[in-house]
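Model the full structure from these sequences, guided by the hints.
Residue numbers (my numbering): 1 to 285.
By construction, these hints were calculated from the structure, which means they are not laboratory data. This structure is a prediction, so every number in the text was calculated from the model and none was measured. Please note that the accuracy of each hint is not assured.
[What the hints assert, rightly or not] Derived DSS-like pairs: lysine-lysine, alpha-carbon spacing no greater than 27 angstroms straight-line:
1. Lys-134 with Lys-162
2. Lys-162 with Lys-70
3. Lys-2 with Lys-84
4. Lys-134 with Lys-2
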Amino acid sequence: MKTIRTTAAMVDWSRTLHREGVTIGFVPTMGALHEGHRALIRAARLACDAVVVSIFVNPTQFGPTEDLSKYPRQLRLDRALCRKEGVDAIFTPTTAAMYPQGSQTIVTVPSLARRWEGDARPHHFQGVATVVTKLLSLVRPDTSWFGQKDFQQAALVQQLVKDLNLPGRVVVHPTVREADGLALSSRNVYLSTQQRRAAPVLYRALHAGASAIWNGERRGADIQRRMARILATESLATAEYLAVCDPSTLEPLKTVQRHAVLLGAVRIGTVRLLDNMLVAVRREP
1 MKTIRTTAAM VDWSRTLHRE GVTIGFVPTM GALHEGHRAL IRAARLACDA
51 VVVSIFVNPT QFGPTEDLSK YPRQLRLDRA LCRKEGVDAI FTPTTAAMYP
101 QGSQTIVTVP SLARRWEGDA RPHHFQGVAT VVTKLLSLVR PDTSWFGQKD
151 FQQAALVQQL VKDLNLPGRV VVHPTVREAD GLALSSRNVY LSTQQRRAAP
201 VLYRALHAGA SAIWNGERRG ADIQRRMARI LATESLATAE YLAVCDPSTL
251 EPLKTVQRHA VLLGAVRIGT VRLLDNMLVA VRREP
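Encoded structure:
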(Lines of atoms letter the chains of each structure in order from A; the text may use other names.)
(Lines give C-alpha, C1' and ligand atoms only; values in the text may rest on other atoms or scores of the structure.)
Protein backbone atom coordinates (compact mmCIF):
# COMPACT_ATOMS: atom_id res chain seq x y z
CA MET A 1 0.00 0.00 0.00
CA LYS A 2 1.41 3.34 -1.07
CA THR A 3 1.33 6.40 1.18
CA ILE A 4 1.01 9.71 -0.67
CA ARG A 5 1.77 12.87 1.29
CA THR A 6 1.95 15.69 -1.26
CA THR A 7 -0.57 17.06 -3.72
CA ALA A 8 1.92 16.76 -6.60
CA ALA A 9 2.50 13.08 -5.83
CA MET A 10 -1.26 12.51 -5.68
CA VAL A 11 -1.73 14.02 -9.12
CA ASP A 12 1.17 11.97 -10.54
CA TRP A 13 -0.21 8.70 -9.07
CA SER A 14 -3.65 9.34 -10.52
CA ARG A 15 -2.36 10.34 -13.95
CA THR A 16 -0.15 7.26 -14.17
CA LEU A 17 -3.01 4.90 -13.38
CA HIS A 18 -5.39 6.58 -15.80
CA ARG A 19 -2.81 6.35 -18.60
CA GLU A 20 -2.72 2.62 -17.95
CA GLY A 21 -6.52 2.37 -18.15
CA VAL A 22 -6.93 1.73 -14.43
CA THR A 23 -10.18 2.89 -12.83
CA ILE A 24 -9.85 4.69 -9.48
CA GLY A 25 -12.29 4.48 -6.59
CA PHE A 26 -12.01 7.16 -3.91
CA VAL A 27 -13.13 7.22 -0.28
CA PRO A 28 -12.51 10.63 1.34
CA THR A 29 -12.29 10.51 5.15
CA MET A 30 -11.05 12.42 8.18
CA GLY A 31 -9.58 9.24 9.62
CA ALA A 32 -10.64 7.44 12.82
CA LEU A 33 -11.90 4.78 10.45
CA HIS A 34 -14.71 2.45 11.55
CA GLU A 35 -16.98 -0.20 10.03
CA GLY A 36 -18.89 2.46 8.09
CA HIS A 37 -15.69 3.48 6.34
CA ARG A 38 -14.82 -0.18 5.82
CA ALA A 39 -18.14 -0.63 3.97
CA LEU A 40 -17.29 2.29 1.66
CA ILE A 41 -13.83 0.90 0.98
CA ARG A 42 -15.22 -2.54 0.19
CA ALA A 43 -17.76 -1.04 -2.21
CA ALA A 44 -14.96 0.86 -3.95
CA ARG A 45 -12.79 -2.27 -4.03
CA LEU A 46 -15.53 -4.23 -5.79
CA ALA A 47 -16.26 -1.53 -8.37
CA CYS A 48 -12.83 -0.18 -9.31
CA ASP A 49 -9.36 -1.44 -10.19
CA ALA A 50 -7.57 0.74 -7.62
CA VAL A 51 -8.75 2.36 -4.39
CA VAL A 52 -7.39 5.47 -2.70
CA VAL A 53 -8.49 6.62 0.77
CA SER A 54 -7.74 10.16 1.88
CA ILE A 55 -7.15 10.82 5.59
CA PHE A 56 -7.26 14.54 6.27
CA VAL A 57 -8.84 16.31 9.22
CA ASN A 58 -10.05 19.38 7.38
CA PRO A 59 -9.76 22.46 9.60
CA THR A 60 -11.97 24.67 7.45
CA GLN A 61 -15.13 22.69 8.25
CA PHE A 62 -14.78 23.20 12.01
CA GLY A 63 -16.13 26.29 13.75
CA PRO A 64 -14.17 28.21 16.43
CA THR A 65 -15.88 26.37 19.30
CA GLU A 66 -15.92 22.90 17.71
CA ASP A 67 -13.77 19.85 18.39
CA LEU A 68 -10.95 20.18 15.81
CA SER A 69 -8.18 19.70 18.39
CA LYS A 70 -10.00 16.77 20.01
CA TYR A 71 -11.07 15.03 16.81
CA PRO A 72 -9.77 11.44 17.03
CA ARG A 73 -6.56 10.83 15.13
CA GLN A 74 -5.32 7.24 14.84
CA LEU A 75 -3.28 7.04 11.67
CA ARG A 76 -1.52 3.80 12.62
CA LEU A 77 -4.84 1.99 13.09
CA ASP A 78 -6.27 3.61 9.96
CA ARG A 79 -3.31 2.37 7.91
CA ALA A 80 -3.82 -1.13 9.26
CA LEU A 81 -7.51 -1.15 8.32
CA CYS A 82 -6.74 0.15 4.83
CA ARG A 83 -4.01 -2.42 4.32
CA LYS A 84 -6.30 -5.24 5.43
CA GLU A 85 -9.01 -4.06 2.98
CA GLY A 86 -6.64 -4.00 0.03
CA VAL A 87 -6.45 -0.22 -0.38
CA ASP A 88 -3.86 0.70 -3.00
CA ALA A 89 -2.95 4.14 -1.68
CA ILE A 90 -3.72 6.44 1.21
CA PHE A 91 -3.46 10.19 0.73
CA THR A 92 -2.40 11.95 3.94
CA PRO A 93 -1.66 15.58 3.10
CA THR A 94 -0.76 18.22 5.65
CA THR A 95 -2.90 21.29 6.20
CA ALA A 96 -0.15 23.38 4.60
CA ALA A 97 -0.25 21.18 1.50
CA MET A 98 -4.02 21.50 1.13
CA TYR A 99 -4.18 25.19 2.02
CA PRO A 100 -0.85 26.80 1.05
CA GLN A 101 -0.05 30.25 2.32
CA GLY A 102 -2.02 32.81 0.33
CA SER A 103 -4.95 30.49 -0.46
CA GLN A 104 -8.11 32.56 -0.95
CA THR A 105 -10.63 30.51 -2.91
CA ILE A 106 -13.67 29.05 -1.19
CA VAL A 107 -16.55 27.02 -2.62
CA THR A 108 -20.17 27.31 -1.53
CA VAL A 109 -23.42 25.54 -2.41
CA PRO A 110 -25.77 28.11 -0.88
CA SER A 111 -29.22 26.59 -1.22
CA LEU A 112 -28.45 23.10 0.07
CA ALA A 113 -26.26 24.48 2.86
CA ARG A 114 -28.65 27.04 4.29
CA ARG A 115 -30.74 24.81 6.57
CA TRP A 116 -30.23 22.14 9.24
CA GLU A 117 -26.50 21.59 9.57
CA GLY A 118 -25.94 24.89 7.81
CA ASP A 119 -27.85 26.69 10.59
CA ALA A 120 -26.13 24.78 13.36
CA ARG A 121 -22.63 25.07 11.87
CA PRO A 122 -22.54 28.17 9.65
CA HIS A 123 -19.08 27.62 8.10
CA HIS A 124 -19.15 23.84 7.96
CA PHE A 125 -20.40 23.25 4.43
CA GLN A 126 -18.20 25.94 2.94
CA GLY A 127 -15.24 23.98 4.32
CA VAL A 128 -16.66 20.68 3.08
CA ALA A 129 -17.35 22.00 -0.42
CA THR A 130 -13.90 23.55 -0.69
CA VAL A 131 -11.96 20.49 0.48
CA VAL A 132 -14.03 18.05 -1.61
CA THR A 133 -13.43 20.19 -4.70
CA LYS A 134 -9.70 20.11 -4.02
CA LEU A 135 -9.61 16.37 -3.29
CA LEU A 136 -11.58 15.39 -6.39
CA SER A 137 -9.40 17.65 -8.54
CA LEU A 138 -6.26 15.98 -7.15
CA VAL A 139 -7.40 12.34 -7.11
CA ARG A 140 -9.55 12.53 -10.25
CA PRO A 141 -11.47 9.36 -9.35
CA ASP A 142 -13.84 7.49 -11.60
CA THR A 143 -16.19 7.01 -8.62
CA SER A 144 -16.27 8.45 -5.09
CA TRP A 145 -18.13 6.99 -2.12
CA PHE A 146 -19.85 8.97 0.65
CA GLY A 147 -21.94 7.70 3.55
CA GLN A 148 -25.67 8.38 3.85
CA LYS A 149 -25.33 9.17 7.56
CA ASP A 150 -24.30 12.70 6.58
CA PHE A 151 -27.23 13.04 4.20
CA GLN A 152 -27.04 16.80 3.73
CA GLN A 153 -23.32 16.60 3.05
CA ALA A 154 -23.83 13.84 0.46
CA ALA A 155 -26.55 15.85 -1.27
CA LEU A 156 -24.30 18.90 -1.32
CA VAL A 157 -21.39 16.92 -2.79
CA GLN A 158 -23.61 15.50 -5.53
CA GLN A 159 -24.72 19.03 -6.45
CA LEU A 160 -21.14 20.29 -6.31
CA VAL A 161 -19.86 17.59 -8.66
CA LYS A 162 -22.72 18.25 -11.08
CA ASP A 163 -22.35 22.04 -11.07
CA LEU A 164 -18.55 22.19 -11.37
CA ASN A 165 -18.15 19.16 -13.67
CA LEU A 166 -15.80 17.57 -11.18
CA PRO A 167 -14.39 14.17 -12.12
CA GLY A 168 -16.24 10.94 -11.47
CA ARG A 169 -19.64 9.96 -10.20
CA VAL A 170 -20.74 10.06 -6.56
CA VAL A 171 -22.21 6.98 -4.86
CA VAL A 172 -24.02 7.40 -1.54
CA HIS A 173 -23.72 4.23 0.53
CA PRO A 174 -26.42 3.28 3.07
CA THR A 175 -25.71 4.10 6.70
CA VAL A 176 -23.95 1.36 8.65
CA ARG A 177 -25.44 0.85 12.13
CA GLU A 178 -24.81 -0.90 15.40
CA ALA A 179 -27.22 -3.68 16.36
CA ASP A 180 -29.37 -1.20 18.34
CA GLY A 181 -29.66 1.19 15.39
CA LEU A 182 -27.03 3.77 16.32
CA ALA A 183 -25.36 5.11 13.17
CA LEU A 184 -21.61 4.54 13.18
CA SER A 185 -19.62 7.73 13.65
CA SER A 186 -16.08 8.63 14.65
CA ARG A 187 -17.57 10.77 17.42
CA ASN A 188 -19.31 7.80 19.09
CA VAL A 189 -16.07 7.13 20.98
CA TYR A 190 -16.78 10.25 23.06
CA LEU A 191 -19.95 8.74 24.55
CA SER A 192 -19.85 7.45 28.11
CA THR A 193 -21.42 4.06 28.86
CA GLN A 194 -24.65 5.73 30.01
CA GLN A 195 -24.70 8.09 27.03
CA ARG A 196 -24.07 5.19 24.65
CA ARG A 197 -27.18 3.44 26.02
CA ALA A 198 -29.18 6.62 25.38
CA ALA A 199 -27.83 7.35 21.89
CA PRO A 200 -30.11 5.04 19.82
CA VAL A 201 -33.10 7.22 20.76
CA LEU A 202 -32.45 9.28 17.63
CA TYR A 203 -32.77 6.20 15.43
CA ARG A 204 -35.96 5.22 17.26
CA ALA A 205 -37.39 8.69 16.72
CA LEU A 206 -36.66 8.58 13.01
CA HIS A 207 -38.13 5.09 12.77
CA ALA A 208 -41.30 6.35 14.47
CA GLY A 209 -41.58 9.04 11.81
CA ALA A 210 -41.05 6.49 9.06
CA SER A 211 -43.68 4.19 10.57
CA ALA A 212 -46.16 7.06 10.65
CA ILE A 213 -45.63 7.62 6.91
CA TRP A 214 -45.93 3.91 6.12
CA ASN A 215 -49.19 3.82 8.11
CA GLY A 216 -50.72 6.66 6.14
CA GLU A 217 -49.68 9.88 7.88
CA ARG A 218 -48.85 12.56 5.32
CA ARG A 219 -48.71 15.81 7.32
CA GLY A 220 -45.13 16.87 7.93
CA ALA A 221 -45.89 18.61 11.22
CA ASP A 222 -47.59 15.52 12.66
CA ILE A 223 -44.74 13.25 11.57
CA GLN A 224 -42.30 15.65 13.20
CA ARG A 225 -44.30 15.62 16.44
CA ARG A 226 -44.21 11.82 16.55
CA MET A 227 -40.45 11.87 16.27
CA ALA A 228 -40.19 14.54 18.97
CA ARG A 229 -42.33 12.49 21.37
CA ILE A 230 -39.94 9.54 21.10
CA LEU A 231 -36.90 11.75 21.58
CA ALA A 232 -38.48 13.31 24.67
CA THR A 233 -38.47 9.90 26.39
CA GLU A 234 -34.69 10.13 26.78
CA SER A 235 -33.62 12.74 29.32
CA LEU A 236 -29.98 12.72 28.19
CA ALA A 237 -30.85 13.71 24.61
CA THR A 238 -31.49 17.28 23.50
CA ALA A 239 -32.86 17.80 20.00
CA GLU A 240 -31.26 20.39 17.74
CA TYR A 241 -33.65 19.61 14.91
CA LEU A 242 -36.03 16.93 13.65
CA ALA A 243 -37.27 17.55 10.13
CA VAL A 244 -39.37 16.06 7.34
CA CYS A 245 -37.81 17.14 4.06
CA ASP A 246 -37.76 16.77 0.31
CA PRO A 247 -34.77 14.46 -0.39
CA SER A 248 -33.59 16.56 -3.35
CA THR A 249 -33.92 20.12 -2.02
CA LEU A 250 -33.90 19.46 1.76
CA GLU A 251 -36.77 21.91 2.08
CA PRO A 252 -39.37 21.07 4.76
CA LEU A 253 -42.43 19.20 3.53
CA LYS A 254 -45.89 20.26 4.63
CA THR A 255 -47.26 17.10 3.02
CA VAL A 256 -45.42 13.93 2.06
CA GLN A 257 -46.41 12.92 -1.46
CA ARG A 258 -44.03 10.18 -2.57
CA HIS A 259 -40.70 10.39 -0.77
CA ALA A 260 -39.23 12.12 2.25
CA VAL A 261 -35.99 12.20 4.17
CA LEU A 262 -36.27 12.43 7.93
CA LEU A 263 -33.34 14.37 9.38
CA GLY A 264 -32.26 14.59 12.99
CA ALA A 265 -29.47 16.02 15.12
CA VAL A 266 -29.22 15.62 18.89
CA ARG A 267 -26.76 16.39 21.65
CA ILE A 268 -26.02 13.83 24.30
CA GLY A 269 -23.69 15.48 26.76
CA THR A 270 -21.08 17.22 24.63
CA VAL A 271 -21.48 14.77 21.74
CA ARG A 272 -23.47 15.79 18.70
CA LEU A 273 -25.06 12.95 16.73
CA LEU A 274 -26.62 13.01 13.25
CA ASP A 275 -28.88 10.52 11.54
CA ASN A 276 -31.50 10.31 8.81
CA MET A 277 -33.94 7.96 7.17
CA LEU A 278 -35.18 7.90 3.59
CA VAL A 279 -38.85 6.95 3.38
CA ALA A 280 -41.04 6.06 0.40
CA VAL A 281 -44.81 6.20 0.64
CA ARG A 282 -46.32 2.75 0.42
CA ARG A 283 -48.77 2.50 -2.43
CA GLU A 284 -51.80 0.24 -2.26
CA PRO A 285 -51.65 -2.62 -4.82
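Between the alpha carbons of Lys-134 and Lys-2, is the straight-line distance 27 angstroms or under? Holds - the C-alpha atoms of Lys-2 and Lys-134 are around 20 angstroms apart, at most 27 angstroms.
If you draw a straight line from the CA of Lys-2 to the CA of Lys-84, is it 27 angstroms or shorter? Given pair Lys-2, Lys-84 holds - Cα atoms ~13 angstroms apart, limit 27 angstroms.
Between Lys-162 and Lys-70, is the straight-line Cα distance small enough, at 27 angstroms or below? violated (34 angstroms)
Has the given pair, Lys-134 with Lys-162, been kept, meaning a C-alpha gap of at most 27 angstroms? holds (15 angstroms)
Comparing the model with each earlier hint shows a violation of hint 2 alone; every other hint is respected.
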